[in-house]
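Trainee: Top to bottom, those sequences are chains C and H. Residues in the first sequence are numbered consecutively from 1, following the working numbering. Residues in the second sequence are numbered consecutively from 339, following the working numbering.
Worth flagging that the hints you see were computed from the coordinates, not collected in a lab. Nothing here was measured: the structure is a model prediction, and the numbers come from that model. Heads up, the beta-carbon is just placed ideally off N, CA and C, and yes, glycines get one too. Possibly wrong hints are sitting among the right ones.
Claimed, not checked - Label pairs and their calculated CB-CB ranges:
1. 181/C - 622/H: 33 to 43 angstroms
2. 609/H - 53/C: 53 to 63 angstroms
3. 130/C - 610/H: 31 to 41 angstroms
4. 345/H - 294/C: 35 to 45 angstroms
5. 756/H - 149/C: 54 to 64 angstroms
Unchecked claim - Where chain H lies over chain C, by a calculated footprint (3+ residues, C-beta under 8 angstroms):
6. 89-103
7. 257-271
To be verified - Far from chain C, by Cβ distances over 10 angstroms, these chain H residues were calculated:
8. 409
9. 626
10. 791
11. 859
12. 871
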Amino acid sequence: MLQVVNVSHAYGDIASLRHVSLEVEPGEIDCLLGPSGCGKTTLLRIIAGLETEYDGIVRINGEDIRATPAHKRGFGLMFQDFALFPHLSVAGNIAYGLKRRGLGRGEIRESVQSLLRRVGLNNLDERDVASLSGGQKQRVALARSLAPNPRLLMLDEPLGSLDAQLRDQLALELRRIIKDAGLSAIYVTHDHREAYAVADRIAVMDIGGVRQLDKPFQLYRQPASAYVARFLGLTNVYSAGDSRLERLLDQLGKGNLLNAAWILIHPAGISFGAGAAKDALELTATLEDAVFRGEHYQLTAVTGSELRLSFTARDLPSKIGDAIRVSVSPDAILPLPD
Amino acid sequence: MQRARCLRGILYFAPLAFLGVFYVYPLLSIFDVSLRPAGLLDLSSFVRLLSSDYYIGTLLFTIYQAALSTAVTLLLATPCAFALARYQFRGKTMLLSLATLPFVLPTVVVALAFATLLGANGLLNDALRTLFTLDYEPIQLERTLAMIIIAHVFYNFAVALRIITGYWSAVGFSVEEAARCLGADELALWREIRLPLLRPALLSAGVLVFIFSFTSFGVILILGGIRFATLEVQIYYQAVSMFNLPLAAALSLVQILSMLAMMIIYTSTQKRLQLAIASAKSVAKRARTLRERLGLGICAALISILLFAPLVALALRSVVVAGQLDFANYASLAEKSRGSLLFIAPLDAVFNSLRFALIAMTIALCLGLIASYMIEGRGPLSRIWDPLFMLPLATSAVTLGFGFIIALDEPPLNLRASWLIIPISHTLVALPFVIRSVLPSLRTIPRSLREAAQTLGATPVDSLLTIDLPLLGRGIAVGATFAFTVSMGEFGASLFVAQRESVTIPVVIYRLLGDPGMASYRQALAMSVVLMLVCACAFVVIERLRIAGVGEF
Chain C
1 MLQVVNVSHA YGDIASLRHV SLEVEPGEID CLLGPSGCGK TTLLRIIAGL ETEYDGIVRI
61 NGEDIRATPA HKRGFGLMFQ DFALFPHLSV AGNIAYGLKR RGLGRGEIRE SVQSLLRRVG
121 LNNLDERDVA SLSGGQKQRV ALARSLAPNP RLLMLDEPLG SLDAQLRDQL ALELRRIIKD
181 AGLSAIYVTH DHREAYAVAD RIAVMDIGGV RQLDKPFQLY RQPASAYVAR FLGLTNVYSA
241 GDSRLERLLD QLGKGNLLNA AWILIHPAGI SFGAGAAKDA LELTATLEDA VFRGEHYQLT
301 AVTGSELRLS FTARDLPSKI GDAIRVSVSP DAILPLPD
Chain H
339 MQRARCLRGI LYFAPLAFLG VFYVYPLLSI FDVSLRPAGL LDLSSFVRLL SSDYYIGTLL
399 FTIYQAALST AVTLLLATPC AFALARYQFR GKTMLLSLAT LPFVLPTVVV ALAFATLLGA
459 NGLLNDALRT LFTLDYEPIQ LERTLAMIII AHVFYNFAVA LRIITGYWSA VGFSVEEAAR
519 CLGADELALW REIRLPLLRP ALLSAGVLVF IFSFTSFGVI LILGGIRFAT LEVQIYYQAV
579 SMFNLPLAAA LSLVQILSML AMMIIYTSTQ KRLQLAIASA KSVAKRARTL RERLGLGICA
639 ALISILLFAP LVALALRSVV VAGQLDFANY ASLAEKSRGS LLFIAPLDAV FNSLRFALIA
699 MTIALCLGLI ASYMIEGRGP LSRIWDPLFM LPLATSAVTL GFGFIIALDE PPLNLRASWL
759 IIPISHTLVA LPFVIRSVLP SLRTIPRSLR EAAQTLGATP VDSLLTIDLP LLGRGIAVGA
819 TFAFTVSMGE FGASLFVAQR ESVTIPVVIY RLLGDPGMAS YRQALAMSVV LMLVCACAFV
879 VIERLRIAGV GEF
C-alpha cells in the first residue's frame with residue numbers, strides 16, 4: 001500500500017535519514033522502533049508531506065506522491081505533542097478535518113459523537129482542551145486524526161508524554177481502535193515493549209536505515225544483528241572471538257559458530273537451576289546482581305569462565321554472592337552478523 | 339507552490355513599499371535638503387550650526403535635560419522597583435499596571451496637566467494661597483527646567499519601574515541573603531550587591547529614558563517655550579516659524595544620527611538583559627516589620643501621587659469655573675471661540691481624530707500583521723526585518739513630520755494638501771507598536787498546529803483563517819488599541835502635517851493654548867480631558883488583553 005524507496009534526508013549538512021526503504025501492507029500496523037535522533041519522525045513528516053526536500057520515492061498504491069501537498073494526501077498524523085488547537089473545544093478539534101472535507105453539520109455532529117464513544121470520551125465534547133488530562137488529550141488527538149477516515153494513520157510517539165502506568169493500558173487500546181477502524185498505520189516509538197504491544201510488524205531503525213523488519217515475536221527471538229539485539233535489551237552479546245565463550249560453545253556442541261561476528265546468548269534460553277530442556281547445559285555461577293521487577297527478578301550471574309549472563313527468574317532462593325546453578329539451552333545460542 | 343510563493347512576494351512587498359515611500363524617502367529628502375539645499379553639495383548649514391554657540395547650546399541643553407531627567411527617574415524608580423520586586427502586597431499588580439498609564443497619555447495632555455497642577459495659577463498654588471492667605475505664589479515652577487524634568491519623570495517613571503522590577507524579580511534575592519550572612523549591612527548591600535547586580539537593567543532603562551527625554555517635544559514646547567528649546571523644538575521653529583528649511587534639515591540630521599547611536603547602545607543593553615533573565619524564578623515576600631511597611635507605603639504613595647495628582651488637577655480645572663461645578667467648558671467645544679485662529683470648532687477635531695485613528699489603525703494592523711510574519715519567517719532575510727520595521731520608533735516624530743512636508747509636497751506624491759497625510763504619518767508611528775503586540779502571540783503558536791491542520795486537509799489559507807487568526811486575536815486587539823491610542827495622541831508629526839480643517843485634538847489643544855483669552859484656555863482644558871478619557875479607556879483595554887508577562891518593549 002505505502003512504499004518508501006531509498007529515501008534520504010538532511011537538515012542542512014546533517015544527514016537525518018540515509019537510504020531508508022519500507023513497505024506497509026493494507027490493514028497492518030507497522031512500528032518504527034529506534035533511538036531518538038535516528039530519523040523516525042523525519043520519515044513520518046516526509047510521508048505526511050510536511051518535509052518536501054528529500055531524495056528517493058514515496059508511493060501510495062503505486063503512485064508517486066511527491067507533488068501532492070500535505071492537505072491533499074488524506075493521511076492522518078498524530079503529533080508527539082498532540083498539537084491540539086487551543087482555541088477549539090474537544091468537539092471542535094475532532095470536527096476540524098471533517099469541516100475541511102465539506103461535510104454537513106448533522107453529519108459532523110454524528111461523526112464526532114461516534115468518535116468520542118470509540119475513544120472513550122463520552123460527554124467531553126464541549127470541554128476546553130487545556131483542561132484535559134494527558135491521557136484525555138491523547139484520545140482527542142487520536143479521534144481528531146481518525147475523523148476524516150485517513151488512508152494511512154501515522155502516530156509519532158503517541159504515548160511518549162504519558163506516565164508508564166497509563167502507557168501499557170493505552171497501547172492496547174490504541175491497537176484495538178486502529179484495528180477496529182481497519183486502518184493501515186505507522187507507529188513511531190523508542191520503547192520496544194510498546195512496539196511489541198501495538199505492532200503487527202516492527203522495523204528497527206538507526207541513522208543508516210531499517211536494520212530489521214519482522215513480527216514482534218520473530219524480532220525478539222531472532223534479532224538480525226548485534227545492534228538490534230542490544231536495542232531490544234538483550235545484553236548477553238559477545239564478540240565470537242571471545243575466549244570466554246569457547247568452552248560453553250564446545251560443551252553445547254556449537255563450536256562451529258565461533259566464526260560468526262557476534263554470539264547472543266538469548267535470556268529466554270537461560271534458566272535458574274536445572275533446565276527444562278533435556279540437552280541443556282548446567283553451569284555453576286556466582287550471583288552478581290538481582291533486581292526485583294515485580295513479575296520477575298532480573299538476574300546477572302558470572303560463570304567460572306567469567307561469562308556474564310543476564311536472565312530472569314520467578315523466585316530468588318539465593319543471596320547475592322552465592323554460587324548458583326544456571327542451565328543454558330542450545331537454542332539460546334544465536335550467531336549474529338555485525 | 340509557485341502561486342503561493344508569488345502571493346507571498348506581493349504581500350511582503352506592501353509593508354516594504356510603505357516604509358520605502360513614507361519613511362526612507364522623506365528621510366532621504368531631509369539629507370538632500372540639508373546637504374544640497376540648492377542642488378549642489380553645500381555644507382554651509384552645518385558650518386553655521388557648528389560655529390554658532392546658540393545651536394551648540396541647543397544640543398548641549400538637549401543632552402543636559404535628558405541626562406537630568408534620566409538621573410531623577412532612575413533615582414526615584416530604583417527604590418520603588420526594589421519594593422515591588424521584593425514584597426508581595428495587595429494591589430501590587432494593579433499598582434504596577436496603573437503606573438504604565440502615562441505610556442499611553444498624549445504629551446499635550448500631560449503638559450497641560452502639570453501646568454494646571456504646578457503652574458502660577460495652578461491647583462497647588464491656589465490651595466496654598468487660600469490655606470496660608472499668601473499674596474504671592476509659593477510654587478514658582480512655570481517655565482522652569484524643573485517643571486520639564488518633573489513631566490519627564492512622570493512619563494518615564496513607569497518605563498524604568500517595569501524594566502527594573504522585572505529584572506530584579508528575575509534575579510531574585512538569594513545573593514543578597516548570602517551577602518547578609520557574610521556580614522554586609524544595608525549600605526554595603528546597595529553599594530556592593532544590588533546596584534552592581536542591577537547594572538544591565540539600570541543601563542537599559544537609563545538609555546531608554548534618555549532617548550524618550552532627548553526626543554521629547556510636546557512637553558518642552560508647552561511647558562518650556564523657546565527659552566528651553568531642545569533640538570526637537572528647534573527643528574520645529576526653524577521649519578515652521580523661520581522657514582529656514584536647510585537649517586531645520588541639518589538639525590534633523592543631527593537628531594537622526596544621535597538617535598541611531600542611542601538605539602545601537604539600547605539594543606546592545608537589551609541583549610545582556612535577556613541573558614541574565616534566562617534562568618530565574620520570582621521570589622516576593624510579605625512586608626512584616628514597621629520599617630518595611632513604612633517603606634512600602636511611601637513607595638505606593640509616591641507612585642500614586644506622581645500618577646494621579648496632575649490628572650486630577652486637569653480634570654478638576656476643566657469642570658470647576660469660578661469655584662462652581664460647571665460643564666460650560668465642554669458645552670463650548672461645539673463652537674469656535676471668538677478670536678481663535680482655528681478653522682473649525684474643537685468638537686470637529688474630535689471627529690477628525692477618531693476618523694484618522696481608525697484609518698491609521700486599519701492600515702497599521704494590515705501592514706503590522708504581514709510584517710510580523712516576515713519577522714517570524716525563517717527566510718534568509720528575516721533577521722533584517724525586525725530592526726528595519728522598528729526604525730520609525732527610533733526616529734523622532736518631528737523629524738518624520740518635517741520629512742513629510744519637504745518630501746511629499748510635489749508630484750508624483752503631492753499629499754501636502756490631503757488629509758490622508760495625517761493617518762499615514764500616524765501609521766508609521768503606530769506600526770512598531772502593532773508588530774511588538776502581535777509578535778509575542780505569533781511566537782506562541784507552535785508549528786505543529788499548522789501542520790496538524792494541514793494533515794487534516796486545511797490549505798495554507800484555511801490554516802491562516804482557522805488557526806492563526808483566532809490564536810492571534812488578543813495580540814491583534816492589543817496592537818489595534820495601541821495603534822488607535824498612538825494616533826489619537828500623536829503630536830509632533832501632526833503639528834507639521836495637519837492643516838486648517840483637518841487638525842487633530844492634540845494640535846487643536848496646542849493652538850487653543852496659543853490663543854489669547856480664557857475661553858480658549860478653558861476649551862483646551864476640556865479637550866484635554868476628553869483626550870485623556872479616550873486614552874485611559876484604551877489603556878484599560880490593553881491591560882486587560884495583554885497576555886500576562888508578555889510585553890515586548
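Trainee: State for each hint whether it applies.
Mentor: Hint by hint, here is what the structure shows:
no. : hint                              : result
1   : 181/C - 622/H: 33 to 43 angstroms : 53 angstroms, violated
2   : 609/H - 53/C: 53 to 63 angstroms  : 33 angstroms, violated
3   : 130/C - 610/H: 31 to 41 angstroms : 35 angstroms, holds
4   : 345/H - 294/C: 35 to 45 angstroms : 59 angstroms, violated
5   : 756/H - 149/C: 54 to 64 angstroms : 58 angstroms, holds
6   : 89-103                            : holds (count 4)
7   : 257-271                           : violated (count 0)
8   : 409                               : 46 angstroms, holds
9   : 626                               : 37 angstroms, holds
10  : 791                               : 7 angstroms, violated
11  : 859                               : 51 angstroms, holds
12  : 871                               : 33 angstroms, holds
In the structure shown, a violation is registered for the earlier hints numbered 1, 2, 4, 7 and 10, in ascending order.
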